[in-house]
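Novice: Sequence:
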Amino acid sequence: MPTQAEPLYSAHPSMFKSSPLLFIICVVTIPVLVGLIVILGWYIKTRSERFTITADEVQYEVGLFSKQIKEMKRSSVRSVNVDQSFVDRIVGAAKVTIYSAGDEPEIVVSGLPEPGRLRELL
1 MPTQAEPLYS
11 AHPSMFKSSP
21 LLFIICVVTI
31 PVLVGLIVIL
41 GWYIKTRSER
51 FTITADEVQY
61 EVGLFSKQIK
71 EMKRSSVRSV
81 NVDQSFVDRI
91 VGAAKVTIYS
101 AGDEPEIVVS
111 GLPEPGRLRE
121 LL
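The C-terminal residue of the sequence shown carries number 122 in full-length UniProt numbering, and the numbering is unbroken.
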């Protein structure tokens, strides 16, 4: 089994950056416990996702107890879409969609930080 290459980019989706308004609403509703429950579930969801770029591969890992890993060679990346709304641009996050040979995207991740750096690497 080959050794894991040093990552050039590795990030979990960001909670605040992916949806700042929802985050603020959750923080405000913490005293009634609704916000706390939503933030805890949201935190677990974001920590169970990881997007990594190495010198050779792009990897998207999802799951807390059971893992689903999507890997593709960087040489087979044909198209990268970085979508940012106005709010995404302000907070520095983006939705990244990666295509290889087909019409369907191979990897779709929302709320990733540093979209400019990510696009340069891909």
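Don't read these hints as lab results, they were simulated from the structure. One should not assume that every hint holds.
Unchecked claim - The calculated lysine-lysine pairs, modelled on DSS-like cross-linking and capped at a C-alpha distance of 30 angstroms, are:
| id | residue 1 | residue 2 |
| --- | --- | --- |
| 1 | Lys95 | Lys73 |
| 2 | Lys45 | Lys17 |
| 3 | Lys45 | Lys95 |
| 4 | Lys45 | Lys73 |
| 5 | Lys95 | Lys70 |
| 6 | Lys67 | Lys45 |
| 7 | Lys70 | Lys45 |
| 8 | Lys17 | Lys73 |
| 9 | Lys17 | Lys95 |
Novice: Run every hint past the structure and note whether it holds.
Specialist: Hints, one by one, checked against the model:
| no. | hint | verdict |
| --- | --- | --- |
| 1 | Lys95 - Lys73 | holds (20 angstroms) |
| 2 | Lys45 - Lys17 | holds (14 angstroms) |
| 3 | Lys45 - Lys95 | holds (16 angstroms) |
| 4 | Lys45 - Lys73 | holds (26 angstroms) |
| 5 | Lys95 - Lys70 | holds (17 angstroms) |
| 6 | Lys67 - Lys45 | holds (13 angstroms) |
| 7 | Lys70 - Lys45 | holds (17 angstroms) |
| 8 | Lys17 - Lys73 | holds (28 angstroms) |
| 9 | Lys17 - Lys95 | holds (11 angstroms) |
When each numbered hint is compared with the structure, no violation occurs for any of them.
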